[in-house]
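A.B. asks: Working from the sequences, and respecting the hints, build out all of it.
Protein chains in written order, with my numbering: chain X, 1 to 48; chain A, 1 to 71; chain S, 1 to 381.
One should not assume that every hint holds.
Among chain S residues calculated to face chain A with C-beta under 7 Å, some are [as the list claims (entries may be wrong)]: (1) V195; (2) L198; (3) P328; (4) R332; (5) K343; (6) K344; (7) Y346.
Now the stretches of chain S that chain X is said to cover, found in silico as 3 or more residues with beta-carbon under 8 Å [unchecked claim]: (8) 207-214; (9) 371-379.
Simulated from the structure, these hints should not be mistaken for laboratory data. C-beta: ideal position from N, C-alpha, C; glycine also.
Each chain, written out:
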Amino acid sequence: MDTWTFGWTLALIGMGGTMLVLWILSLLILLIKKLFPYRPEEPAAKKG
Amino acid sequence: MATSVLAPMVGKILKVEKKAGERVEEDDVVVVMEAMKMEIPVVAPTGGTIKVIKVSPGQAVEAEQELAVIE
Amino acid sequence: MESALFSGLQGLFLGIANLSLGQVIMILVGSALLYLGIKKGYEPLLLVPIGFGAILVNIPLAEMMEKDGFLRFFYDTGVLTEVFPLLIFIGIGAMTDFQPLLENPKIILLGAAGQFGIFLTLLLALAVGFDKLDAVAVAIIGACDGPTAIYVSSKFAPHLLGAISVAAYSYMSLVPLIQPPIMRLLTTDRERKIVMGLVRQPVSKTTKILFPIVVTIFASILAPKGAPLIGTVMLGNLMKESGVVDRLKSASENEIANIVTLLLGLCIGATMEADRFLRAQTLLILGLGFVAISLDTAVGVLFGKLMCFLTGGKINPLIGAAGISAFPMSARVVQVEGQKYNKKNYLLMHAMSANAGGQIGSVIAAAVMLSVLQGMGIIGG
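C.D. replies: If you want it as C-alpha cells, here you go:
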C-alpha cells in the first residue's frame, strides 16, 4: 500500500471510528441509566 | 429584592471575601470556593448590600447551596 | 608489577577516553530534566527517573543498555512487552471518577473530537517523511496521554520511544500555555460568555459499576487490538466503583503505579542514548507533538461550536478544549478561561465531563488505530 492511501485511510477511518465508538458508548450509558435510575434512598439502603 | 449567591458546584469554602453590610458591585468576588483542587471565585450576580453570609471557611457545600444573600 | 599497576590505572581513565561529545550533551540533557523536575517541579515523578536514566545510559563503557545490562533487563521485560504502560493504566482507571461523564454522556463526543489531532498529525508526519509505523507512533503524542503514547510507540517504533515520551509528557504539562490562545482564536466573544447551568442527573451505583464492564466488552469487540488498553483502565475503574476490593484498588493506584512509574521512567531515560537521540528527527518529533496537541484543541473547540449550534446555544464551545485527555489540567484551563469572559460562568464540571470523555477517547482512538492497522494488514493479528 502506498503511503498516502495508508495515511488517508487510517486518518479517516480512525476519526470516524473513534467518533462512532464513543457515540455508541454514550448511547449505552444512556441505556444503563434508563435501566438503573438513581434513587435518592440509595445511601440509606446501603446502611441497612 | 433579595438575591441569593448560590454555590455553582460541590466543593469547600476557602475564603469569604465580603462581610454582612458591605456593598458589592455585580461580578465582585463574594466567596472563594475550592473544587477539584482549584480555586473558584464565586461572584455577586447583582449589585447591592450583603445582607447575610451563610458559610464560613472550611465548610463543605453542595451545588446550589445558598452562600450569601444580597439586597 | 610496574606494568600491572600501569594497566590497572589505565582502567580508571578508559571512561574519559571513550566519552563522546554526544554523550556529554546527553548527560547535560539528563541533568536539565533533573533540574526541571527537582527545582521547577514539572512532573517530578517522571522527570527525575527519566533524567537519571538518560545520564546512566550515556556513561561510556557502563553498558547498561547492552545485553545483560541492568536497564536493558527492565526495558526488555517491561517496555518491549508493553506491560509497564498497561500496569499504569490500571492505576489510572482506579483514580478516575467518570461520574461527570455519566451525568452528561453526550459530552463524550467532545472526547472523540479531542483526539482528531492524532490522525491529522499522522498525515503531517507522513508528509515530512516518517515511515508508516513511525508516523503512527509520532501521531499518538496527540492522544495527550503518556501511557498510551508509550504503549503504541513501544509496539511500533521503540527507537523513537525516548523522544515521543518526552514530547508527550512535556506538552501535557504545557497544556495551560498551549490551549488558551487557540481557544480564544476559534471562538467569538458571545460564545465564550455562554453560561451552562448545573448538571443535575445523579447516577446510581449500579450504573457506575456497569459502566466499566459494558465499555470493556463493547469497545474491545469493536476494536480488539485495543482491548489491553481499554481493559486495564476499566478494570481499575471497576475496582474503584465496586468498592469491594479496596486493597487491590489501593495497591494499583499506589504501590504498583509507583513502582512502575519509577522503572518506566528509568527505561524511557535509557532510550536516550546519544547516537539515537541526537538527531534532527528528535526535533521534528517535538515539533509534530506540539502540532498534534494544538490540533486536538482546535478540533475539540470547533466540535464544541458545532454542538453549540445544534443545541441552540446551550453548550459553551470552550469546553471542547477539555476533550483532550490531559486530566484534569485542561478542564481547569477551561474554567479559568470561561470565567475571564463571564465572571458568572462556572464551566468546571462541564469541562470535567469532556475531560473524562477525553480520557476514554484517547484510549479508544489508540484502540481504533491499532485495529485499523490490523485490518489493513500493516500489523499482525
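A.B. asks: Now tell me if each hint is right for this structure.
C.D. replies: Each hint, compared with the structure:
| no. | hint | result |
| --- | --- | --- |
| 1 | V195 | violated (10 Å) |
| 2 | L198 | holds (6 Å) |
| 3 | P328 | holds (6 Å) |
| 4 | R332 | holds (5 Å) |
| 5 | K343 | holds (4 Å) |
| 6 | K344 | holds (6 Å) |
| 7 | Y346 | holds (3 Å) |
| 8 | 207-214 | holds (count 4) |
| 9 | 371-379 | holds (count 5) |
Hint 1 alone, counting from the list given before, is not met by this structure.
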